[in-house]
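> Starting from the known structure of chain A, fit chain B onto it as the hints suggest.
Going down the list, the protein sequences come from chains A and B. Start counting the first sequence at 1; every next residue gets the next number (the working numbering). Start counting the second sequence at 1; every next residue gets the next number (the working numbering).
Accuracy of the hints is not assured; some may be wrong.
Just so you know, same-sequence chains aren't split out, so a pair can sit in one copy or run between any two.
[Claimed, not checked] Straight line, CA to CA, 20 Å or less: simulated DMTMM-like cross-link-like pairs of lysine to aspartate or glutamate:
id, residue 1, residue 2
1, 24, 180
2, 162, 135
3, 77, 122
4, 191, 180
5, 53, 43
6, 77, 139
7, 126, 96
8, 24, 186
9, 53, 38
10, 77, 135
11, 24, 182
Note that these hints are calculated values from the structure, not bench results. Bear in mind that the values here come from a model prediction, so they are computed numbers and not experimental data.
2 protein chains.
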Amino acid sequence: MNGTVEPIARMAAQLARLPGIGQKSAQRLAYHIAGMPEQDVHDLAAAIWQGRKAVHFCAICGNYTQNEICDVCQDEKRQNGQICVVRDPRDVAAMERMRDYHGRYHVLQGALSPMNGVGPDDIRIKELLQRLGSEQVEEVILATNPDIEGEATAAYIARLIKPMGIRVTRIAHGVPVGSDLEYADEITLSKAMEGRREL
Amino acid sequence: MNGTVEPIARMAAQLARLPGIGQKSAQRLAYHIAGMPEQDVHDLAAAIWQGRKAVHFCAICGNYTQNEICDVCQDEKRQNGQICVVRDPRDVAAMERMRDYHGRYHVLQGALSPMNGVGPDDIRIKELLQRLGSEQVEEVILATNPDIEGEATAAYIARLIKPMGIRVTRIAHGVPVGSDLEYADEITLSKAMEGRREL
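This is chain A alone, in the form it adopts within the complex:
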């Protein structure tokens, strides 16, 4: 017995599996939840489970959506001809917070990482090439993270696409190198879009 009653220990163990939540925070959270009104805990658990069940990937861009096609892909006011390529769905949310970009997206759902055994077939590069074949695309903006994997992914995609005669750009290093796209503020992201250069 370590003094923690079993259902709370089990709750803490589950919470500790989430990124950025250590053993101590997990136990603190579990004790907090044990002391919350039942209705609030029900709402929390339901939001987690139902949220997970409600979302899946957009058949076109690979972002999360509740429908078959996501809101951005469905939106006729968005510019065709421009595709912004990002790693994760949360990067789309970051770009959208900027309110400056009116084109389409393509979510790779990963980045090339030979060290971790992630190759070109493991992320949605094939799907991107298919879109370039069927949509009228003038520019592909590579907005993968400004880290080693993101740069490698951008370079790889640029090499594939440039021979097709499509303009390929990379967001500028206005975003701090080594950081995470998701945490960039709107102005930094906006500068990065402005300063994008030909690859």
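Just chain B now, kept in the frame of chain A:
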């Protein structure tokens, strides 16, 4: 539209209500959960909801338990005659990790805080006095937090109990073991000097 699909936004809003989880962490967690295998998310949500439903307060000490009486109160190997008074159930877990204390506990489920309208009737002081009347108690160890509210609570309870002829002690204040003297605040250092012992 802020670029976040609604079920994920709802999940993030619920997570952001937990202590120590800000808006950004909540959104990051929500995206992470959206990308987890359904079974794992089910286990997480179930551990939260079923954990909350499974626990309630021990009828004797006020700690969390799955039964009517908690494991410590039921344990015949624990010493009667000593009651360690703490604020929260998680403080019991902290004391138990120490493995040095073999008496009983009493969880106040709060601390006196006139500023927040928490008076003696709002925490489990009455229940403590009832136990002192019915159990054979020789020592009450006040292990409330070493902050203003915890000190006030300890002082209040000491005043009530001492006239009953029961020994009342307070856990020592001092510099934490393994810490750096340089970083100790003045009040802690002063308490550590005050409480110095012959070697």
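> Against the structure shown, which of the earlier numbered hints fail to hold, in ascending order?
3 and 7
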